[in-house]
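Going down the list, the sequences are from chains R and P.
Under our numbering, the first residue of the first sequence carries the number 1, and numbering increases by one thereafter.
Under our numbering, the first residue of the second sequence carries the number 1, and numbering increases by one thereafter.
Hints are computed from structural coordinates only; laboratory data are not their basis.
The beta carbon of each residue, even a glycine, is placed where N, CA and C say it ideally should be.
Treat the hints loosely; a few may be bogus.
Claimed, not checked - Derived Cβ-Cβ restraints for the label pairs, each shown as a range:
no., chain 1, residue 1, chain 2, residue 2, range
1, R, I197, P, G924, 36 to 42 Å
2, P, G787, R, G90, 31 to 37 Å
3, P, A51, R, D168, 50 to 56 Å
4, P, D940, R, I197, 38 to 44 Å
5, P, D940, R, T84, 43 to 49 Å
6, R, D33, P, L655, 16 to 22 Å
7, R, D33, P, C642, 29 to 35 Å
8, P, F269, R, G90, 45 to 51 Å
9, R, I197, P, R907, 23 to 29 Å
10, R, I197, P, E341, 37 to 43 Å
11, P, K122, R, G90, 32 to 38 Å
12, R, I197, P, M916, 48 to 54 Å
Unchecked claim - Chain R is faced by these chain P residues, among others (derived, beta-carbon under 7 Å):
no., residue
13, G368
14, Q624
15, A634
16, L655
17, S658
18, K660
19, D774
20, K777
21, K943
Unchecked claim - Computed footprint of chain R on chain P; a stretch qualifies when at least three of its residues, placed anywhere within it, have a C-beta under 8 Å from a C-beta of chain R:
no., region
22, 20–34
23, 197–209
24, 534–548
25, 816–825
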Amino acid sequence: MAKFPKALIMRGPGTNCDQEAKWALELAGAQVDDCHINRLMKNPRILRDYQLLALPGGFTYGDDISAGAVLALEIRKFFGDELTAFINTGNLVVGICNGFQVLIKSGFLPGNGLENKTTLFFNDSARFECRWIYLKKNVKNKSPFLTLLPDIIPCPVAHAEGKFIVDDENTLQKIQSNNQVAFEYVDKSGNHGDYPINPNGSVAHIAGITDITGRVLGMMPHPERNIFANQLPDIRRDNHKGSAVGLKLFKGAIEYITSNL
Amino acid sequence: MPNDAIFVIEISKKDGFPDPFANGLIDDIRDLGIGTKLNARINTVFWLKGAISEGEVDNAAKELLCDPVVERYSIGFSNSNSGYHSFLIGFLPGVSDPAGATALRGISELGIDGIRQVKTGKRFLIAGDLTNNELELIRDKLLMNKVIQRTMADTDDPFPKGTPIKPISETVPIRKLDGDALDKLSKDRVLALNRTEMTIIQDYYIKLDRDPSDVELETLAQTWSEHCIHKTLTSDYVINDKKKITNLLKSTVFAATSEINHPMCVSVFKDNAGIIRFDDEHNICFKVETHNHPSAIEPYGGAGTGIGGVIRDILGCGLGAKPIANTDIFCFADPETSRDELPKGTLHPKRIMKGVVAGVRDYGNRMGIPTINGSVNFHPNYVGNPLVYCGTVGIMPKWASFGDAETGDKILVIGGATGRDGIHGATFSSLELDEGSEIHSSGAVQIGNPITEKKFTDVMLKCRDKKLFRAVTDCGAGGLSSAVGEMGERTGAKVELNLVPLKYEGLQPWEIWVSEAQERMVFAVPPENVDEMIQICDEEDVQSTIIGEYTDTNRLELTYDGNIVCDIEMDFMHNGCPQSTKQVVVKHEPRPLDGVIPQDGFEDILNKILSHPDVASKEWVVRQYDHEVQGQSAVKPFVGACNDGPSDGSVIRPLRDSKKGIAITHGINTRLGEIDSYQMAAHSIDEAVRNAVAIGADPKQMAILDNFAWGSVSKPESLGALYETCRACYDVAVKYKTPFISGKDSLNNEYSYGGEMIQIPHTLLISSIAIVEDVDKTVTMDFKRAGNPLYILGITKPGVAGSYLSIIAGLHGGSIPNVEPDTHIRDYMVLHDAITKEFVVSCHDVSDGGIAAALSEMAFAGGLGVSVDLAKFPTRGNPSTAEILFGESPGRLIVEILPEKETVFMRVMQSCSITMIGIIQDDGRLRIRGLDGETCIDADIYKLKKQWQKTFDW
């Protein structure tokens, strides 16, 4: 049993949400280190000291070719075997925003034969947008990241390339029937809706998915920016009663590590 | 395999996936008012060069460049472009192509070892009924900017080879030149030095018994540029032939700070940014810059490098601070300006605005710095000279607040390579623009690469915490010349220019020295730490190079290939520029009101004010910036029931384990600048301070920054206005006890064409940074609960000059309700006390559009109605109903109170002018009763909101 769960934050050129990811993981009880992709490519075994790998948001390599494309290539080429082994031994991986784009483009999500059948494309609005949205968790998805979360989770999104799309209906159906959907965009009461409730035009309102084990999570919204109550936009309309539920995603993961790994 | 095979890959979107950018392009073409049956596609083109095979190229496309879900590719140009007009757009030779560099890295990592170079381009395919002239218009206005891009034929060489000129330093004969010849030399070389300054340089070299080298002349021009030493503001001023002021800036703005002597100030007007105390372990710093001239010519690049530059000011402050927030304030001409009215040589204001916003967005977001405060202001005279103010806030450990180079320290430059980009930026920004500027000044536009800057930000903060360097500064205006010159002022410095990493061959030694290529920082590193610092840079692929050392000669010594190209005294460089005296004229001419203040039609006026571009919602802009990154956000730029009400400012909490916060606000008034520059400055300071108080910042722990943007400073009246502004800065800041900690000026913002001259309105931006003791005790502007009582703090006075009422009703002249600093600051202190005691649940400053606009905003932000009685307002001087509704008297705030706290609230506030004016309602209506007791406004708040949102519903 891992009494002191250790989390590693992978940084690349242009990673920029490492601070909030570190805060969230620390407040959830992990000991957190960060490591540049250059070091990991040289020495992938660094990963073996950790039970959780986080790929935070940002614009790795400027998103120059497409969001996350070059970092995804590097992970596949230099780090893929180690990461596969890491996942297979029961450890956890979370990719947020750019990290989600990387996990999709490196094939770790959705996994199970659906590699290269999904992508994250430009928002319907054709521009970067930052706004608070609501997520509904898929209660049928048994991911450790989801266990402690309430059904509805407010979170900010901040991206230009976050529209989840699939190559055909078949792929979507598989992701849904495998219960790989983790989060959907909804309104405050849990109903689906058009823009801006679904901020980017994602197919089936999908905001985040897991692999088939639930141990690899990728999502566009930023739960790590909802870890203090004073971050909530409606805290003052709520008599300061709101709580920072984003933190529970990380607490669920750390709790899982503490009791299972 | 040949060594230099060239392959092209063209990537297009698969059918069935809507391309939002192509759709956006179609909208933009419609905006130009041309074309029918429009259709568009946008392809990406990669050119690959090296000892590579077609199989490898195919692999690169499949594995990296093409997204298999949404895209398809062809090796060779796509053959499915028929039926479209095609425009292939690439970068001009020498312009950096960051995507090409990224692709090169990725392709090498695929194991394609022979790859040597990658370039990128775009192919725009447009179908529809369009004439050739219309297609050219689309190309020039929408598809490319000829300052950095070129139209290519498929057969054009994507990797053109220039013939590099052999770098050589020339001697410039100056000693025998007469006055006219000196002027001509200054003009021809874009030195921006006047005759007196040229003569002083001439005398210096006569004494030395030699002529200057081109490097020396350029160094002096850069060091003495308006941009770098603020000659105009630091001149002596003689006002109306009578009163003499020694060094205007020192005797007003600086004097205020030194008189206030605020214990919070750590370093003011010395470093790249002003530093104040945050808590026992941390200091914070703030700097605001302008990047106007480049943004007029290439809005995207100009604005991007503007924000990139001010971020480096923060990284180069003390021993380096971590950037934690950005601000941006823009001034443009009306985006609906007709194309026929545009002066020749200017870009359309809508294009400038879209480009500037995109530039700030892409740089700030990629750097991972939240953009949390700003505004967009409009005036026809910004047509040739848009203003782009960019600010950055940083946080640093207390010990890292000061740095100084020592003799023997190595000069280390890190970051991007040096190219010809941005040559003469420092001197260019000190000149006026004219219709030819777009063509002859393009070298002054820099192209930014935020990822390069983000990479060195990460490593330099690591090196700072390991205490590996003794001083740092950024390469901003004036490039290495300015950075090394400033750091070595006390010691002396020696640099071998041939060691500076270049983007391409053929740069002249003087170009290397003054190039303003972006994303470079200069360090003073003790020799024993050099290896470790270089290793840390190497680990994260940050280029770092030793180019020289700090000496003990008090001279600037530069060599190229070992030959001396510059050898001058630091003292002459930094202190040789003559102090000048300006004769200025200050006029106070009362202008009687021309026109009649309306007595009815108030709802219509309110609707027009809310949809006026200055007042209207800027959500279209703000949502494109990440204001949440770094996870610090406590009061957001948009607030309320639907997160779409305009906040008076933003608050961030920068530390994980502390609820202490930083409030950032600003004040700017582009309308009063034309009428009374003293009141313009006073109102701007008051608004910046009042905005901060409104969100819960402590007025006792507040500092401000000044950014002057002026028209011509050769006219005595214009300089008189500058003097008046500085005088107000002193008067009001001293009364408010808000020290100035940093400032900047941008002068000669005028545009000449066909013999006409357009001068911007005198514009002063005041930015404020303040401490919030506990971010849980901040307040937003949206109404919170029906039944709560509403109060107004402050007195309403008559006078409509410079107000939106005047603009809408076509009034001219009249009086300005003056700032009364003593009263206002007393009120703010007391209100802050009430806010920290948690009596106040919403608070909003009354400014643009007056009471009616402020109430509307509070109501629709909160989704609640309100009923208000104008007869209850405390007034002085008998303002009419219209003047109470729409007048813009300073010093006023609207405050919502919890009913159960009313008695204690009134007890706290008893020394102020505070009066109950109405009650919040749940009927969704704004109801205002006029002085005659009749309802003068009764409007649906959602309709008002629509008015407010429609202007920038882009």
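Outcome of the hint check:
1. A beta carbon spacing of about 22 Å between I197 of chain R and G924 of chain P contradicts the range 36 to 42 Å that was offered as a hint.
2. Distance hint for G787 of chain P and G90 of chain R: a CB-CB separation of about 56 Å, inconsistent with the stated range 31 to 37 Å.
3. The supplied range of 50 to 56 Å is broken by A51 of chain P and D168 of chain R, whose beta-carbon atoms lie about 39 Å from each other.
4. Between D940 of chain P and I197 of chain R the Cβ separation comes to about 24 Å, which falls outside the hinted range of 38 to 44 Å.
5. In this structure the hint that D940 of chain P and T84 of chain R lie 43 to 49 Å apart at CB is violated, the actual value being about 59 Å.
6. The supplied range of 16 to 22 Å is met by D33 of chain R and L655 of chain P, whose beta-carbon atoms lie about 20 Å from each other.
7. At about 40 Å, the beta-carbon gap between D33 of chain R and C642 of chain P misses the expected band of 29 to 35 Å.
8. Separated by about 58 Å at the C-beta atoms, F269 of chain P and G90 of chain R break the suggested range of 45 to 51 Å.
9. Between I197 of chain R and R907 of chain P the beta carbon distance is about 46 Å. The supplied range of 23 to 29 Å is therefore violated.
10. As the Cβ distance of I197 of chain R to E341 of chain P is approximately 41 Å, the hint placing it in 37 to 43 Å holds.
11. For the pair K122 of chain P and G90 of chain R, the beta carbons lie near 46 Å from each other, so the given range of 32 to 38 Å is not met.
12. For I197 of chain R and M916 of chain P, the Cβ-Cβ distance of about 39 Å falls outside the hinted range of 48 to 54 Å, so the restraint is violated.
13. The beta carbon of G368 of chain P comes within 2 Å of a beta carbon in chain R, closer than 7 Å, and the hint placing it at the interface holds.
14. Of the supplied interface hints, the one on Q624 of chain P holds, with its beta-carbon coming within about 5 Å of a beta-carbon of chain R, less than 7 Å.
15. The closest approach between the C-beta of A634 of chain P and any C-beta of chain R is roughly 5 Å, which is under the 7 Å cut-off, so the hint is satisfied.
16. About 10 Å separates the beta-carbon of L655 of chain P from the nearest beta-carbon of chain R, more than 7 Å, and the hint is not met.
17. Annotation: S658 of chain P was flagged as interfacial toward chain R, and the flag is violated, the nearest CB pair being 11 Å apart, outside 7 Å.
18. With its C-beta approaching chain R no nearer than about 12 Å, K660 of chain P sits outside the 7 Å limit, and its interface hint is violated.
19. Hint status for D774 of chain P relative to chain R: violated, with the closest Cβ pair at about 9 Å, above 7 Å.
20. Given hint, K777 of chain P at the interface with chain R, is violated; its Cβ is 10 Å from that chain's nearest Cβ, farther than 7 Å.
21. The interface hint given for K943 of chain P is broken, as the beta carbon of that residue sits about 21 Å from the closest beta carbon of chain R, more than 7 Å.
22. Only when three residues or more bring their CB closer than 8 Å to a CB of chain R does the claim for the region 20–34 of chain P stand; here the count is 4, and the claim holds.
23. For the region 197–209 of chain P, the stated coverage by chain R is violated: 0 residues have a C-beta nearer than 8 Å to a C-beta of that chain, whereas at least 3 were required.
24. Check on the region 534–548 of chain P: 3 of its residues sit with their Cβ under 8 Å from a Cβ of chain R, so the three-residue criterion for coverage holds.
25. For the region 816–825 of chain P, the assignment as covered by chain R is violated, since 0 residues bring a beta-carbon within under 8 Å of that chain's beta-carbons and 3 are needed.
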